[in-house]
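Chemist: Turn these sequences into a full structure, and let the hints guide you.
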Amino acid sequence: MPPKKTISKGKENGGDVAETILKYMKNQNRPYSATDVNLNLKNAIPKATVAKVLAQLLDQGLIHGKAYGKQWVYVAKQSPETNLSAEDAYALDKRLEDLSHEVEKMRETTNRLQHNLNQLNKALTVDELRARAASLQAEIADMEPRLEGLKAGTRVVSPEEKARVDKLLEQCRKEWRARKKLFKNAWDSITENVERPKELMEELGIETDESVGMDINRDPLDGLL
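Count along the sequence shown from 1, then add 5; that gives the number in my numbering.
Hint data in this document are derived by calculation from the structure and do not stem from the laboratory.
The structure displayed is predicted, hence computed values, not measured ones.
There's no promise every hint is true.
[As the list claims (entries may be wrong)] Below are the EDC-like pairs computed for lysine to aspartate or glutamate, each with C-alpha atoms no more than 16 Å apart in a straight line:
1. Lys167 to Glu144
2. Lys203 to Asp193
3. Lys75 to Glu109
4. Lys75 to Asp103
5. Lys167 to Asp193
6. Lys186 to Glu212
7. Lys185 to Glu212
8. Lys71 to Glu102
9. Lys82 to Asp64
Modeler: Here is the structure:
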């Protein structure tokens with residue numbers, strides 16, 4: 006039989022790393038991955054060190070361990086007087102499997118939320134949106150006198166001017182649609198597990214185009230001429 010690996014010694018917060026982790030596993034008496042132990046010890050011991058020590062403790066037969074996909078889950082060995090029955094052992098395995106599935110689901114959710122956050126971070130900031138809105142308001146103010154002239158029939162807009170205004174309007178609508186899509190994606194992710202997202206939106210005072218009767222495709226001059 007090849008010699009067992011020797012648990013590496015090291016000092017973390019004034020104590021032996023292996024003894025600290027083994028004691029923690031025995032005290033908790035629950036299944037944990039290396040990531041769980043690292044987080045529960047508040048990063049006092051680096052994750053890589055935790056993973057290495059757990060593998061060594063398993064190799065020395067001081068703890069149990071089982072692989073679930075790419076992740077190992079460990080649990081302290083029971084003392085002889087508290088040996089698990091077959092039923093309890095099965096329940097423990099089932100619990101480990103359920104926890105592994107939960108971890109995978111949480112990882113997928115985290116990745117999806119991170120993707121949405123990255124998309125939002127690429128968008129304009131609030132200050133940039135305010136500056137853009139101020140610029141558009143200035144353009145609107147500049148266009149209002151010409152609109153009054155059109156309504157009075159005293160001025161004819163040239164094809165070039167009409168094309169410029171139509172292009173600007175389409176740019177604004179494009180930006181509008183992009184912002185609306187970003188919000189919808191973020192809101193859907195945030196309220197994925199909320200039973201009544203519509204009521205939550207009302208409580209937060211969030212207004213949508215639909216709730217205020219706004220149609221992005223409506224002609225802005227409709228009813229004015």
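Chemist: Does each hint hold? Answer for all of them.
Modeler: Results for each hint:
1. Lys167 to Glu144: 14 Å, holds
2. Lys203 to Asp193: Measuring from Cα to Cα gives roughly 11 Å; hence the hint holds.
3. Lys75 to Glu109: 10 Å, holds
4. Lys75 to Asp103: 15 Å, holds
5. Lys167 to Asp193: At roughly 39 Å apart (the allowed maximum being 16 Å), Asp193 and Lys167 break the hint.
6. Lys186 to Glu212: 14 Å, holds
7. Lys185 to Glu212: It holds: about 11 Å lies between the C-alpha atoms, which stays within 16 Å.
8. Lys71 to Glu102: 10 Å, holds
9. Lys82 to Asp64: 13 Å, holds
The structure is inconsistent with hint 5 alone, although it conforms to all the rest.
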